[in-house]
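Student: So you can see what is in the structure, the chains are spelled out below.
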Amino acid sequence: MTTTAHAREREARARAVLARVEQRTGARSLVAPVGTVASPVPEPEPARPVLTDLERPPLPVPPELERLLGAGLRRGATVAVLGSTSLALALLAPASVRGSWVGVVGQPSIGLVAAAQAGVVLDRVALVPEPGPDAPGVVAALLDGMDMVLVGPRSGLTDADRRRLVARARERGSVLVSTAPWPGAGLVLGVRTLGWTGAGEGDGRLLSLDVRVTRSGRGAAGAPLAVELTLPLAAPGRTPVSDGGKTAGTSTLRLVG
Amino acid sequence: MSAVPTPAVPTPAVPTRSAVTTRTAVLWVPDWPVVAAMRAGEVASHEPAAVHDGRRLLAVSAVARAAGVRRGMRRRTAQGVCPELVLLGADEARDAVAFETVAQAAEHVVPGIEVVRPGLLLVPADGAARYHGSTEAFAEALTDAVVRVGHESQVGVADGLLAALLAARAHAVVPPGTSAQFLAPYPVAALGHAAADERSRTATRTLVDLLVRLGITTLGAFAALPAGDVEARFGELGAWAHRLVRGQDPRPPVRRRPTPDLEAVCELDPPATRLDVATFAGRRIAEDLHAQLLARSATCARLEVVALTEHGTELSRTWRTDLGGLGGLTAARITDRIRWQLEGWLDRAAGTDQGDPERGAVVRLAVRAREVSAAGAEQGGLWGGASGADVRAHRALDRVQGLLGAHAVLTPALQGGRDVREQVHLAPWGTSERAERPADRPWPGRLPAPAPATVLPAPEPVTVLDAAGRAVVIDARWTLSAAPAWVRWAAREARIVAWAGPWPLAERWWAPDGHAKAHVQAVLDDGGAVLLAWVAGGWVCEARYD
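Residue numbers (the working numbering), protein chains in the order written: chain A, 94 to 350; chain B, 458 to 1003.
I should point out that these hints are in silico values taken from the structure, not numbers from a laboratory. Values in this document were obtained by computation on a predicted structure and should not be read as measured data. Hints are not guaranteed to be accurate.
Unchecked claim - A partial selection of chain B residues facing chain A, derived with a Cβ cut-off under 7 Å:
| # | residue |
| --- | --- |
| 1 | V573 |
| 2 | L854 |
| 3 | R856 |
| 4 | V866 |
| 5 | L871 |
| 6 | A906 |
| 7 | P907 |
| 8 | W956 |
| 9 | A957 |
| 10 | L981 |
As the list claims (entries may be wrong) - Simulated restraints on C-beta separations:
| # | chain 1 | residue 1 | chain 2 | residue 2 | range |
| --- | --- | --- | --- | --- | --- |
| 11 | B | P918 | A | A273 | 23 to 29 Å |
| 12 | B | G862 | A | R311 | 34 to 40 Å |
| 13 | B | D983 | A | R311 | 27 to 33 Å |
| 14 | B | R740 | A | R113 | 40 to 46 Å |
| 15 | A | G293 | B | Q872 | 29 to 35 Å |
| 16 | B | G649 | A | V110 | 19 to 25 Å |
| 17 | B | A684 | A | R113 | 42 to 48 Å |
Said to hold, decoys possible - If you want a taste of the chain A side facing chain B, the calculated C-beta under 8 Å gives, among others:
| # | residue |
| --- | --- |
| 18 | L205 |
| 19 | D237 |
| 20 | A292 |
| 21 | E294 |
Glycine included, every Cβ here is placed at the ideal spot set by N, Cα and C.
Chain B on its own, in the form it takes in the complex:
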């Protein structure tokens, strides 16, 4: 298709650059998803590997590509082509997290990068190239930095995004002002490289199909079309693509500024075993962190308190600080959070390990600010944030926590479970603990509604007797030895007038924490009703219906 005149791009004698063009460097790690997955799955690099999402292959390693495996293949086809292919699951979060090391390595060379997607970085190249002496030296510095964290990468520098992307694939530096000429011979399908996500990829593919059917097969031919006509015929997407192929930028790279972690740390030497010693250190780092926050006029939504014990266990808890009503975050409040948390740990350590008092010794104490944002710019909740009543309640709860400590004020939530106790999750007010088990599962065998309104804090052991005065037991087949007629507590007894059950419940019998019990509901002659449970060969009264 050489009939299409390619050099319709105006080629001035002196290369001038359009005002909308940024000199861009692209750092590309080929086949990133598969590289990250191989790193995570410990697949050796000489084995052919591919990442698939259950439907088709998303990324293919170089070895697998050499064996004929291609992106977009179905799993069965790929295994037919290359039987020893190692298939790895797709996980975008893993890719992004693993790429963070590469991004940080690049940030050592040049501050301010944009991660387009895991595997692809965008860097404004002008200043950095000046700093390193030449564009080539800059590209080399970037590649070296990434090699130091253990990844092969390619760098391309050109005017405009698309040219830089394609230059990265060629590992080349395109001289300023010649991006259009560089792009001209590429087929229009190369536009697909500029699409960042799945949706725009699909849209771009449709556009490329259309262009090819219209006889426009190279980027040069596409660039030669008048911009106004392209926009009129192909719409916004066409205009975007047209700007790209002319070596321009739809937008300059969004530079990520490395945000320094706000953290205050102190080493405790000698290790603190007593609460007051640890709290004293906590006070110091709280003031430090508060000063840092003030200096940046920032606030944080989460506060993470981390303590390292002598034995290397790290104890951490995250506190929400956006619930505190008015008043905001002060050094005293941070100290309170540290103290409450240490209180729990040092008490617990002292309570559980009397023989080993060193266990609870704290050697390192750190407090980190998470979700830091400019003060006064916090986003409220979706439904209007905390209203007046909520703010008042939060303040009251903060006050009660100040009186009694963190663990005395609890917020309940329902969670999955069958037992009356298991279904409730209690967390200290202000911590961001989640319920362990989802409540929206069926949980067959759960006690039927209505639930007992009084759940005894500790089950009371009782004796259940039949009408003849013999003890009622439940055998291995979950049947009662006789109809229960009497319940006897330590101090009183009551006649059973009606009862229901037994409902056996054998939970987690395959695990060491498994247990089996049977529930019986009994209506007593004094009008009350109780929930009895047969646990480990004896009866307990678990709850009262009142």
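The shape of chain A in the complex, shown without the other chains:
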């Protein structure tokens, strides 16, 4: 009994080392062939998801969205964010902060200042504003190399392209985020605007947007669920933009003299 436990421990250690090496060198192909996972002891769970989670943990998401998305964005998922670019940017930010690259295809209107304010690290962002007729090839190439690819409305994709790209994302373990309707997306976040705060009749300025985000999709995500959020969300590791001025203004006052 101890010998099998020992062997399993050794195997687990070897796998961890291999995964780390693959991640460092970039020679990773996500899913090891299922046939090779011949464990001496039958495991309680199927081998595939365990491998995925071990080798490629899900991408982090903003804490406000954890009710909708669980612990994170599953690798290989396709998410459509409809109705709010800010929410899509907020979705990209935590992974970007942790070192992931983000490709943006066919979204020439993306507000990069807003992206930076949301916490997206622009050093690891690449834009392909007008992919033209090569859009499927471009998205596929970026899915190979980047953890997250945002696909905008200006990438003329057919439904067949979309199916192939979803399969590609699943195979490569990248996350495909679409700001345009994406038939067959595993997860759809629909955003309805509730109202802006901050602006008056010629006074104030836009501060925050209250939205209601509805989740739909396939599989476990199919159970409808909605949360109310205030956009922009706090950038990872920073205070929220909207009340930053006020709190900073009051807290930095101190008695002198």
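Following the hints, complete the assembly by docking chain B onto the known chain A.
Tutor: Showing chain B alone in chain A's frame:
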């Protein structure tokens, strides 16, 4: 202070040279900073001039010295001594760049030189003297070479660094083995000439002060002290100085090997106006450069592609080649870079100047390797270089660039600015373009956060109406004629439920590219919010907050 016995240096009958001594020639251009500054500032050589760094004078020209101006003076004192003194700003980069011509002239005479500082060159003299017949002939050849590039210089040859430096000031050749005797009568303050930078100069000055207070006033007296005692009393600096004054070398000159530029050039005759013709030539020079790199087993971190048009404009761009993931630099990759760049230019030339098709004709195409280093010896980034994820992303971007061309893949960076568009700098992936304006300045008047998440690629013209249906305008005093109530696009209109502004923004009004506009944020009844701008007498919708 002749009480100190000077000839304590062992003087053998036959001059033998210590193993740690190199026969060194020093080429010295007096007052180099001021010479370079006068050359750059076009100050005539008969005018007194000096270089100052804001606190004190760093270098003084001969004419100014004759008028009584000295190095280290304060500006006001110097101007008091010599009212017509021309003061020039200190610029180390300018000095170094200007000295490069002198260094190259010297390299024509003798390969392998060490530039100690701008104005001072070190050359191992043994082989060169043999080649030129005698040391004197060699020194003359060096001076002549420097005169040909337009500078007066002095050359000194001696054993050891310090003796050579002082010999250069005397424009003399010290016979082999007699450096110690040559140095002996000099005051200890002469040690300061051997200090290369400001810090060691200060340290040396302290040491010289100490020596003088101890009664050791000449280099001979210092050299007479036992080496072990000097090291014990004065430490590392003292040991260094002691070696110098005995005519030895702390280290032999570090010889600079002239590195030939790796460059491949081709002249295009007839001039290329079409991309395929130019690319074909580009392919040839790419293969040439690649072969050169291979022959040296070298790689380069930057690749500069330069094209000369018929009208003499030089179009150049530098590409980074250290981002390319694995695979390295191949002829095909170099060709790709050339093609992308020419694509941009020939397209642009064709697009802007329809009437003048010759404008874009390329007559000369060159590709240069910059930052050449031995292959496999590249330095990674400070924080561990490119990790696996970065390498994969770089490779993916290279592939997309291969599909769509260089200008289709952009990398963003934030830069300074007030407008939503101005604050973003986009550069093609792989080029080393910098943002134009620094982002860490205050930029008063910048639009407040949060920034709009959708910035329309081209502003949409809109009409803004008040509640009575009249057009809302902004007058010269930046006030709205009425509260805005409706926004009308070409196809739709929306009621404004809340708004903020107007925030006027008059930028660069003193320059021809100046412009003035006013921003208004408006919340619409459909829940959206837009950023409107009043530009040149009309409204546009610039961005959406969504």
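Student: Are there hints from earlier that the structure breaks, and if so, what are their numbers?
Tutor: When the structure is compared with the hints, numbers 1, 10, 16 and 17 turn out to be violated.
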